[in-house]
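K.L.:
Protein chains in written order, with the numbering used here: chain A, -18 to 351; chain B, -18 to 351; chain C, -18 to 351; chain D, -18 to 351.
Hint data in this document are derived by calculation from the structure and do not stem from the laboratory.
Cβ atoms here follow ideal geometry from the backbone N, Cα and C, with glycine treated the same way.
Just to be clear, a hint being listed does not mean it is correct.
Chain A residues, not near chain D, derived (Cβ > 12 Å throughout) [claimed, not checked]:
| # | residue |
| --- | --- |
| 1 | 14 |
| 2 | 21 |
| 3 | 36 |
| 4 | 67 |
| 5 | 158 |
| 6 | 170 |
| 7 | 234 |
| 8 | 237 |
| 9 | 288 |
| 10 | 329 |
Computed footprint of chain B on chain C; a stretch qualifies when at least three of its residues, placed anywhere within it, have a C-beta under 8 Å from a C-beta of chain B [to be verified]:
| # | stretch |
| --- | --- |
| 11 | 139 to 151 |
| 12 | 314 to 328 |
| 13 | 332 to 339 |
There are 4 protein chains.
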Amino acid sequence: MSAHTPTTTPGNLADHEALAARRLDAATWAYFNGGAADETTLRANVQAWQQLKLASRVLRPLAGGHTRVRLLGRTLTHPLLVAPMAHQRLAHPDGERATALAAAALGAGLVLSTQASTPLEDVARLVLSDADRGPLWFQLYLQPDRGFTRDLVQRAEAAGYEALVLTVDAPVSGVRDRERRAGFALPPGVSAVNLQGLHTPPAAVLQPGQSALFDNLLTRAPTWADIAWLRSVTRLPVLLKGITHPADARLAMEHGAAGVIVSNHGGRTLDTLPPTAELLPAVVQAVDGALPVLVDGGIRRGTDVLKAMALGASAVLVGRPVLHGLANGGAEGVAHVLRLLRDELEIAMALCGCRQLSDAASVLHQPTRT
Amino acid sequence: MSAHTPTTTPGNLADHEALAARRLDAATWAYFNGGAADETTLRANVQAWQQLKLASRVLRPLAGGHTRVRLLGRTLTHPLLVAPMAHQRLAHPDGERATALAAAALGAGLVLSTQASTPLEDVARLVLSDADRGPLWFQLYLQPDRGFTRDLVQRAEAAGYEALVLTVDAPVSGVRDRERRAGFALPPGVSAVNLQGLHTPPAAVLQPGQSALFDNLLTRAPTWADIAWLRSVTRLPVLLKGITHPADARLAMEHGAAGVIVSNHGGRTLDTLPPTAELLPAVVQAVDGALPVLVDGGIRRGTDVLKAMALGASAVLVGRPVLHGLANGGAEGVAHVLRLLRDELEIAMALCGCRQLSDAASVLHQPTRT
Amino acid sequence: MSAHTPTTTPGNLADHEALAARRLDAATWAYFNGGAADETTLRANVQAWQQLKLASRVLRPLAGGHTRVRLLGRTLTHPLLVAPMAHQRLAHPDGERATALAAAALGAGLVLSTQASTPLEDVARLVLSDADRGPLWFQLYLQPDRGFTRDLVQRAEAAGYEALVLTVDAPVSGVRDRERRAGFALPPGVSAVNLQGLHTPPAAVLQPGQSALFDNLLTRAPTWADIAWLRSVTRLPVLLKGITHPADARLAMEHGAAGVIVSNHGGRTLDTLPPTAELLPAVVQAVDGALPVLVDGGIRRGTDVLKAMALGASAVLVGRPVLHGLANGGAEGVAHVLRLLRDELEIAMALCGCRQLSDAASVLHQPTRT
Amino acid sequence: MSAHTPTTTPGNLADHEALAARRLDAATWAYFNGGAADETTLRANVQAWQQLKLASRVLRPLAGGHTRVRLLGRTLTHPLLVAPMAHQRLAHPDGERATALAAAALGAGLVLSTQASTPLEDVARLVLSDADRGPLWFQLYLQPDRGFTRDLVQRAEAAGYEALVLTVDAPVSGVRDRERRAGFALPPGVSAVNLQGLHTPPAAVLQPGQSALFDNLLTRAPTWADIAWLRSVTRLPVLLKGITHPADARLAMEHGAAGVIVSNHGGRTLDTLPPTAELLPAVVQAVDGALPVLVDGGIRRGTDVLKAMALGASAVLVGRPVLHGLANGGAEGVAHVLRLLRDELEIAMALCGCRQLSDAASVLHQPTRT
């Protein structure tokens, strides 16, 4: 594994990103780090957290402070979860196994992608016995092949996954220009092993003037009505990932979702969506405490995590930085990334005079209107 | 035609632009891609669409969605038209013929420039029989030589053009600094063939202190009164191109225009005009549904088209990108550009949860006031 | 004079600037083109005009339009004046003579600097007989040596100057870092010939803790009370240059000024003053038509001139671009610069549908509040 | 000392910075000039002063103007103090001695860092006898070792320091990425000599799930209750440095502080805190004249000092520029930096028509709402 040992010591997530950019081949890098179209949303996600300003309070008692949060009935050591990301064996031979071990060791939650390059049961087996681990969730899409979807859900349930994360913001793939330009293709030996056997329906026969998208693929796109079906085939709570509109957050509540994840798919689907830091407050307001609201997209600093909590997030998902750590050092690299984020979070809390995240609302600077 | 076969495969309109910049000589490139003066309007046109943010709705039924729009009594497969652009044989030997064939094949409308380098009848003959083609319109200026103008209008009418697009925003040419610096001049073999025989009046004899512009050229500039004359010599509907002010949109209605095109001439006439994305809403509001309002300027993505429709456009004209496609691959290149735009439009609609363009108004993100 | 013949043909004021930067030595360039401190005001002057957006109206009658304005009882062909600038023989051997001849030939006004490198009588003699010339004004500072100041004023009056422009915004010199870094010093043969014989009072003897500025130089700085004195020694109208605050504009009226010039001294005195485009409207409002309000700073395009007029200016002074033209081609270069500006102004008027400058108020785009 | 003689003559603080960057080794430079994390606050501090715009008034009487201010019962020649900065012998062998001598000679105040590399008594001895010197203050942290803290306070008191500056915004160190990347470490011979003998408590034994920060280091962080203790062991006035929130400013008053210093620690602790120019007004408003409010962070020009005074500061602390002067020329370099700032301040006052700093409130430009 010497080829995966970092040669310089990264000290923050930007260092990890720069190092990973040098370690991964150009096409894989484009696949992991690229976004949709002109990547304005991709960049905005990062900038929006950075542009929020903090307010600092001084000389407050800080002893006994902590980063603990409550989420779906559990107390977590801190609010960090690993976002679902496909094909992690592209980043490191140990792939999802390394990510899962590191997350468990650091008390972070893990959301396994339905397009993982490792059997979901193997991942669960590695971490379920860890007493200090965070939540273990399984991400999926509602595939047109309902039998397969039901079987997949039941496999995840049997393997010990504690919740389902249904991705609802990608009825079609985005325009991934960077990835296309780089000519990315999955190499031999890396595949979506948990989707083997999935039946893809034949393309519809189109009449002249019909749309290959609307009159074919999208005829099978999931709708709100399908949420009831999914809940009927599982006893697991279902979170909806990709909610950006307050009206959809209310619909999620009405349809029995156990939580929502404010996400623009890391800027990978529809370019010029607003950054999630801008979308989060309206969703928090719409849900009004009835459901947990998580958020992902652009989190690169402990201050970003603190700001997300200040805006009302219940927890925060981190994606690309975990892949960077994975590329740089396997489980050790992932652990380092999560450690850096948590350390920075504690430092930010202390410097804001914030002893616990339930007090985070006051850490944002409110500009004076003049 | 091997010299016109792209060597790398463009995958979006920016790729086409970059490729065309390498294929065309510098002076032609300056003529096609340049704008007026410091090109602030030219750049702003592109940026303004990009800066509008989309709102995404999820899990809505998308089956049977489509991109169809109604325009001047016809149903079009999609809202894309090719903007009028002069001298297309500079970009490719097939010139306007290639553009017209590609537009027809893709169901896009075509507005032929009065300064086309191909006889207007030849263009019409190529596409009129195509059942799936979009509208075929003819663009013109009101020339001081009224006899010539009437004859030209009647030629267009006889040839089968379905509407006239009168450009009203260029009583004088703009300050085309980039073009001047590059030393652009029309090469032998490319000329405004449809304007042969046009009589240019002799320059006025000026008194001391008179202006070469106001006391000469502009004494013959068209006014609102001339719209009635134009309508009197044709049975075709007349759209006014270059309307940017809501008061002028109301005047267009009062003078019997069949539609208006919000345009700043692609940033080629008066620099520091606002981008059309900023001008469109007030014109739409002024017209209040009584006339179709089209828009051009800076459209480079399917998301841009969707945003234009969200702001109330009835259809969208695309200019320079068509020239880029033409330079890169003749009819095939133009078809590729139009195909990319339409595909991106459908993907953007699906990802916004928008099944038809008449629902587009809700796809724009409204920032929360805090 | 071959060394002063441009080798490439400039087609706008930016071209002239680039060309002049290559022709002049670095120290002279720093002196002419530099500003105070970090040059934020210098840059902002140019950008502020550019950022104002125009509104275009179409199909209006334009015949017989003109650029004429009324100023201090005269009708001028157009609203351009050459701003007072010192030591023009640094730019070209013909110095102020060339500038004056070109201004007169183009009908532009001329404000001769008190620090001109040419005798004021010589300049007046060259142009007074030109029937089409613009106004001829003389700029001065109130020097502590009142006898000299009175004599200077009476020389200007005798020579035929038609107004005095008193610069009021420079009781001390600004922090001219660029000029200092470049090591600028006047070469032999160039000097403020009109100030020969000026008596400079000896420095005050300071007590410990006293300020070399406030307790010495500034004890002799002019005040409002001195305006009455100046008016008592001349029959010429007195304009105050360097007014930026509406309260000072009102004081100017109360003290009998014949006009005010909104100026931040071309960004050469106090850095972080707002650009003049931002300062002009409040001064226009304060004066409310009782006095002409002129403006300078950052005018580089005909559109800038039109915008200044739209904001209520009575006329516009142009500085550095005239020096660029002078450096590039003597009188011919200055004439070219003034010609370009006037041509661009006419084109901008035509494209805005503005037939005369008294209608300019409506050419500014008013963003819609949404 | 020839190695410390500047080879080019700096003429403003930016010149000093550029020169010092070349003279100091990269790690020391990173330590002195770096900030926390992504350095957004570091950059914003400088930009925020620069972006405030000045308003100029003309022809006002300026004779007898001055820069004097009242602070804690004394009249100071001008409002500049040297901010507390550690380890100044890294910049120059003469270290704090040179800084102190220069400050005294220029009438500037001096705040000695508790982490000075020179005995506090030596510094006091050098300057106390200078009749024209500014205030001499001692900065400290409340260390867990209370006995040591009390002794240190009493040493400072005995040595002649006139006030204590308690830094309250750094219960933990910031994330100093630039410094870490550069591998900075104190060289032999430079140390915090005044902290010799300080007892560091042993790390707590943590239970699983406990935080190394909140359950260890921060258990000993000072709180408001400790202000009373500090005041009980000294007769010196105590100013609190690092106040950014108006509520904390009110608490400072309630706890008997003699003044507050609005500071974000020069952007070295918590990144994305707002710049101090943005924080100052709300603190000034909260304190409402009951206490002096000082400010530091990003002051690089005399105009910045004037703007700080306009926003209600009683005096201004300058940090890094003093280190740059020190590196460039020892005491002479520091004196030059302070001289430049004061000269620029006087020029800015004169050009704004501001005769004394108590009139500074009106020098800020108020943008017109349109």
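K.L.:
Indicate, hint by hint, whether the structure satisfies it.
P.N.:
Taking the hints in turn, this is what the structure says about them:
The beta carbon of residue 14(A) sits about 18 Å from the closest Cβ of chain D, which is more than 12 Å, so the claim that it is off the interface holds. The beta carbon of residue 21(A) is kept farther than 12 Å from every beta carbon of chain D, the shortest such distance being approximately 20 Å. Some Cβ of chain D comes within 12 Å of the Cβ of residue 36(A); the nearest lies about 6 Å off, and the non-interface call is violated. Separation of residue 67(A) from chain D is adequate, the least Cβ-Cβ distance of about 29 Å exceeding the 12 Å criterion.
At the 12 Å boundary, the C-beta of residue 158(A) stays outside the reach of chain D, the nearest C-beta of that chain being 27 Å off. The non-interface label for residue 170(A) is consistent with chain D: the shortest C-beta to C-beta separation is roughly 36 Å, beyond 12 Å. With a least beta-carbon separation of about 32 Å from chain D, residue 234(A) lies farther than 12 Å from that chain, consistent with its non-interface assignment. At roughly 33 Å, the least C-beta separation between residue 237(A) and chain D is larger than 12 Å, which holds for a residue marked as non-interface.
A Cβ of chain D approaches the Cβ of residue 288(A) within 12 Å, the least distance being about 8 Å, so the stated non-interface status is violated. Not every CB of chain D lies more than 12 Å from the CB of residue 329(A), the least distance being 6 Å, so the non-interface label is violated. Counting residues of the stretch 139 to 151 of chain C whose beta-carbon sits less than 8 Å from any beta-carbon of chain B gives 0, not enough to reach three: the coverage restraint is violated. Evaluation of the coverage hint for the stretch 314 to 328 of chain C: fulfilled, as 4 residues show C-beta separations to chain B shorter than 8 Å, against a requirement of three.
Given as covered by chain B, the stretch 332 to 339 of chain C passes the check, having 3 residues with a CB less than 8 Å from a CB of that chain where 3 are the minimum.
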